[in-house]
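*Asks:* If you want the building blocks of each chain, they are given just below.
Protein chains: 2
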Amino acid sequence: MAKDERAVTAQSENFSDWYNDVVLRAQLVDRGPVKGTMVIRPYGYRLWELLQSALDGRIKDTGHDNAYFPMFIPESYLKREAEHVEGFAPELAVVTHAGGKELEEPLIVRPTSETIIGEMMSKWIASHRDLPLLLNQWANVVRWELRPRMFLRTTEFLWQEGHTAHADEDDAMRETLQMLDVYVEIARDWAAIPVVPGEKTAGERFAGALRTFTIEGMMRDGKALQSGTSHYMGTNFAKAFDIKYADASSGGQQYCHTTSWGMSTRMIGAIIMAHGDDKGLMLPPKLAPYQVVIIPVMRKGEATPEVTAAVDALFAELKAAGVRAHVDDRPQVSQGFKFNDWEMRGVPLRIAVGPRDLEAGVAEVGNRLTGEKESLPLAGLAASIPAMLDGIQADMLARATAFRDENIHTVDSWDAFLEVTSTGWARTFHCGQPACEKDIKASSAAVTPRCIPTDGEAETGSCVKCGAESAYGKRILFGRAY
Amino acid sequence: MAKDERAVTAQSENFSDWYNDVVLRAQLVDRGPVKGTMVIRPYGYRLWELLQSALDGRIKDTGHDNAYFPMFIPESYLKREAEHVEGFAPELAVVTHAGGKELEEPLIVRPTSETIIGEMMSKWIASHRDLPLLLNQWANVVRWELRPRMFLRTTEFLWQEGHTAHADEDDAMRETLQMLDVYVEIARDWAAIPVVPGEKTAGERFAGALRTFTIEGMMRDGKALQSGTSHYMGTNFAKAFDIKYADASSGGQQYCHTTSWGMSTRMIGAIIMAHGDDKGLMLPPKLAPYQVVIIPVMRKGEATPEVTAAVDALFAELKAAGVRAHVDDRPQVSQGFKFNDWEMRGVPLRIAVGPRDLEAGVAEVGNRLTGEKESLPLAGLAASIPAMLDGIQADMLARATAFRDENIHTVDSWDAFLEVTSTGWARTFHCGQPACEKDIKASSAAVTPRCIPTDGEAETGSCVKCGAESAYGKRILFGRAY
Chain W
0 MAKDERAVTA
10 QSENFSDWYN
20 DVVLRAQLVD
30 RGPVKGTMVI
40 RPYGYRLWEL
50 LQSALDGRIK
60 DTGHDNAYFP
70 MFIPESYLKR
80 EAEHVEGFAP
90 ELAVVTHAGG
100 KELEEPLIVR
110 PTSETIIGEM
120 MSKWIASHRD
130 LPLLLNQWAN
140 VVRWELRPRM
150 FLRTTEFLWQ
160 EGHTAHADED
170 DAMRETLQML
180 DVYVEIARDW
190 AAIPVVPGEK
200 TAGERFAGAL
210 RTFTIEGMMR
220 DGKALQSGTS
230 HYMGTNFAKA
240 FDIKYADASS
250 GGQQYCHTTS
260 WGMSTRMIGA
270 IIMAHGDDKG
280 LMLPPKLAPY
290 QVVIIPVMRK
300 GEATPEVTAA
310 VDALFAELKA
320 AGVRAHVDDR
330 PQVSQGFKFN
340 DWEMRGVPLR
350 IAVGPRDLEA
360 GVAEVGNRLT
370 GEKESLPLAG
380 LAASIPAMLD
390 GIQADMLARA
400 TAFRDENIHT
410 VDSWDAFLEV
420 TSTGWARTFH
430 CGQPACEKDI
440 KASSAAVTPR
450 CIPTDGEAET
460 GSCVKCGAES
470 AYGKRILFGR
480 AY
Chain L
0 MAKDERAVTA
10 QSENFSDWYN
20 DVVLRAQLVD
30 RGPVKGTMVI
40 RPYGYRLWEL
50 LQSALDGRIK
60 DTGHDNAYFP
70 MFIPESYLKR
80 EAEHVEGFAP
90 ELAVVTHAGG
100 KELEEPLIVR
110 PTSETIIGEM
120 MSKWIASHRD
130 LPLLLNQWAN
140 VVRWELRPRM
150 FLRTTEFLWQ
160 EGHTAHADED
170 DAMRETLQML
180 DVYVEIARDW
190 AAIPVVPGEK
200 TAGERFAGAL
210 RTFTIEGMMR
220 DGKALQSGTS
230 HYMGTNFAKA
240 FDIKYADASS
250 GGQQYCHTTS
260 WGMSTRMIGA
270 IIMAHGDDKG
280 LMLPPKLAPY
290 QVVIIPVMRK
300 GEATPEVTAA
310 VDALFAELKA
320 AGVRAHVDDR
330 PQVSQGFKFN
340 DWEMRGVPLR
350 IAVGPRDLEA
360 GVAEVGNRLT
370 GEKESLPLAG
380 LAASIPAMLD
390 GIQADMLARA
400 TAFRDENIHT
410 VDSWDAFLEV
420 TSTGWARTFH
430 CGQPACEKDI
440 KASSAAVTPR
450 CIPTDGEAET
460 GSCVKCGAES
470 AYGKRILFGR
480 AY
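Residue numbers (numbering that gives the first Met the number 0), protein chains in the order written: chain W, 0 to 481; chain L, 0 to 481.
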């Protein structure tokens, strides 16, 4: 690979080109042969596995069981919930032929599984004793995309979708908000992204939901990325699929209240855009496929036996300490190439070991976040790495939090709104009218309401656009979004 | 649930009905709304997760990286390898419409991923330094089934498919056989199934492979279940997808040698049929979702506070000892129901704790494998459970091994062949002619060659059917199969 092939476009120059350069050159993904599809390469998939493992643990801790439902949904099922089919119809992929014949009823490749899971819930739930029913599945889903973007919007993506049924609204809402909290926690504690949780306005709700909650991440270009959602469906799907239970007191038949919630490979896009810089990716240590890369200094493609031995020993010590380490001993590329390559691929710590370092009993440790490098004694180095990684993880969250807070501005005038949303988000009053939301989007660089934040003082005022009385009892967040 | 709904058909009465009863009543699966699809319920999915985790660990240990490739494959890709498309064409599901429009080129829902992965490999491989390329993916695949059977043959199933590219035949064959060994090990050490590894005869090869290897499990009705396969493709797919590398010595372009290997949710069917008995499932402890079920003895739907406290303490101790335990405190069903239910669901150990047991400082421990129950002191009970589970695991493997060996018979005459294959497998000589294989299948209860076993003495003789000189240099295995 020639040097110019390695350089990525600067963020400041063109954020979108930077993103495309980074995802491809860091070997996170490749384009699939069918338009809008992506191949998740080992480096990207390992990141996904680490995120998955953290999230799956929390999903199980909170009492949910994993299951798997068929990907093919009879077309008629989609049509049973009117808003749901209306929302998803333009994005569906349809199987019309199978086993060499035309099918009697076309099959939809799941865009989401409320309908098929609703059908099964109605079979499985009879009594209040069967509730709550707390299910989750890890699956691929398909939504046809006209303007695909790796990780952010692809025709097929991977996700988890939780689906639960409850006896009443209280219990279902408790679940909806609990899973929103789990997403906040995963984003914060694993991805080092200080997302803002809140409720979506009516115009931004999931098709078929009564209430939709979201976590919104601030990307380094000031745009928002919806990174996980949790929905309260009321009895909409229960009525469409006849999900009923005999209640404890009267034994009468009641409709269940259902929820659904999902986080997807889109979250990888969030990690890339919330932390990356002109040099490329910057991965939070807890999710980095390689937390440390060790580079033996070579001459003519070979390291000295002493260097090789020291590198092997360090690798073994790191492995024993639970650190994900990798040795880059490629003979065919230069040390400078390796330094740039791992910097671009976002590895938190890089350790170079050369003959002169060894004589002094040290190794050179480079920090991706600070850009600094220092010589540290080899003795005890491996043992000190976990704390260094924890420090980087905490510093990345602090950096992202500071960036987020610097880029959310409380505004009361339309001019100020336009100004701040060109680089960040506006915290402002809104009348709550869908027509006014549309007007704002059309009169700005496609600025939309991101959420009614869960936090935020009780306040009222005048709508930033139309001047009418504010809704929601507090200021809400607006921004450009992916 | 009424008592008669719980009883399962006896194996001896009708093995097939027994199987259907067990998979549904044990809540491993449910039928999906589209014919031939299955819903994997939490109890079945947990079993799959445990198997997956064991296999994924071995796949990674042996140097493979997980990745994810798109599910939609352009129809033209399938056609590039002639045998491959011929083999799969009758089973394909086809997406013809998406995003509200008819597609220019129909998309195939992957039945397996050699083609799309081959296309990507050709992009990623340039030099001998890129080899071997060792990839695996966990995914759903679709093969339209006319006679579907839960876990064994479903329209959609879950699996892992490994795909690797190598510089030469030697390295590719080493890989093919290494992964066959991994499957043998997983079947033996986790599923307690003493599978027989071997090579498939030409007529049973994977579409597009030069050599196909299999592990064959002996089910309790004497039929065989192919439970995992590993294929050496030669350069067939490399030529179809232009997977080439510059070799180390001359720098000339060479075709890669590729392999693929897969194990699927079918393996759950193997576990069910290799171990179950008239009472239902019998799960190997290492893969049992619940290794121990604790049943507090209740009166009028309530346990005494002492019993509840003892059960809670035992549960906590088991959890701390790394045992997957579950407390069945359902007030609405009887103790007898619970005993039968967990027996049917195959839980290795059942522990009942009642007031009289407590007075004596004991609990009643029931063993699913032996059917025995004994009173054991509560003090130290939890600590002794892991060893008891290991013992059951070993005994299940020993039982299955004895059953397998009792039901494989060395035969030299056609009459003996017919007799032994009505209840088990025949170890015999065959001429190696596909026409003779077909003749055997047609003249028997659909008996087919299962494999040319890896083990087995060098021997020659006359074909059991046509009398011609034997092929393969050893006896091979024949049996009825799923």
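What the hints contain is simulated information worked out from the structure, not anything from laboratory work.
One should not assume that every hint holds.
When chains are identical, the list treats them as one kind, so a pair holds in a single copy or across two.
Unchecked claim - Simulated crosslink set (DSSO-like; lysine-lysine; CA at most 27 Å straight-line): (1) 337 / 59; (2) 337 / 243; (3) 243 / 464; (4) 78 / 100; (5) 440 / 238; (6) 238 / 285; (7) 100 / 464; (8) 337 / 78; (9) 285 / 59; (10) 278 / 78; (11) 473 / 278; (12) 473 / 299; (13) 122 / 337; (14) 122 / 243; (15) 437 / 34; (16) 78 / 243; (17) 34 / 243; (18) 473 / 337; (19) 437 / 337; (20) 78 / 299.
In this text, all values refer to a predicted model and were calculated from it rather than measured experimentally.
*Asks:* Hints first: check each against the structure and report whether it holds.
*Replies:* Going down the list of hints, with the structure as the test:
Taking the shortest alpha-carbon separations for residue 337 and residue 59, only the inter-copy value of 24 Å comes in at or below 27 Å, while the best intra-copy value is 40 Å. For the identical chains of this complex, residue 337 and residue 243 are inter-copy neighbours only, at 25 Å across copies versus 60 Å inside a copy, given an alpha-carbon limit of 27 Å. With identical chains, the CA atoms of residue 243 and residue 464 are never at most 27 Å apart, being 44 Å at best within one copy and 61 Å at best between copies. Taking identical chains as interchangeable, the C-alpha atoms of residue 78 and residue 100 lie at most 27 Å apart whether they share a chain (24 Å) or sit on different chains (18 Å).
Taking CA atoms no more than 27 Å apart as the test, residue 440 paired with residue 238 passes in neither setting, with 34 Å inside one copy and 52 Å between copies. For the identical chains of this complex, residue 238 and residue 285 are neighbours neither inside a copy (43 Å) nor across copies (41 Å), given an alpha-carbon limit of 27 Å. Within a single copy, residue 100 and residue 464 get their C-alpha atoms no closer than 56 Å, and across copies no closer than 38 Å, so neither meets the 27 Å cut-off. For a Cα distance limit of 27 Å, the shortest separation of residue 337 from residue 78 qualifies neither inside one copy, at 54 Å, nor across copies, at 41 Å.
Both within a single protomer and between protomers do residue 285 and residue 59 lie at most 27 Å apart by alpha-carbon distance, with minima of 20 Å and 19 Å respectively. In this homomeric assembly, residue 278 and residue 78 never come within 27 Å of each other (Cα to Cα): the closest approach is 48 Å inside a single copy and 42 Å across copies. Taking the closest pair of Cα atoms, residue 473 and residue 278 never come within 27 Å of each other, the shortest separation being 39 Å inside a single copy and 62 Å across copies. Within a single copy, residue 473 and residue 299 get their C-alpha atoms no closer than 65 Å, and across copies no closer than 53 Å, so neither meets the 27 Å cut-off.
Proximity of residue 122 and residue 337 under a CA criterion of 27 Å is satisfied inter-copy only: 22 Å between copies versus 57 Å inside one chain copy. Taking the closest pair of Cα atoms, residue 122 and residue 243 come within 27 Å of each other only inside a single copy of the chain (9 Å); across copies the shortest separation is 53 Å, beyond that limit. Proximity of residue 437 and residue 34 under a CA criterion of 27 Å is satisfied in neither setting, with 30 Å inside one chain copy and 44 Å between copies. Taking identical chains as interchangeable, the C-alpha atoms of residue 78 and residue 243 lie at most 27 Å apart only when both belong to the same chain, with a minimum of 20 Å there against 49 Å between chains.
Taking CA atoms no more than 27 Å apart as the test, residue 34 paired with residue 243 passes between copies only; the shortest distance there is 25 Å, against 42 Å inside one copy. Taking identical chains as interchangeable, the C-alpha atoms of residue 473 and residue 337 are never at most 27 Å apart, the minima being 51 Å within one chain and 53 Å between chains. Within a single copy, residue 437 and residue 337 get their C-alpha atoms no closer than 49 Å, and across copies no closer than 58 Å, so neither meets the 27 Å cut-off. For the homomeric pair residue 78 and residue 299, neither the shortest alpha-carbon distance inside one copy (66 Å) nor that between copies (46 Å) is at most 27 Å.
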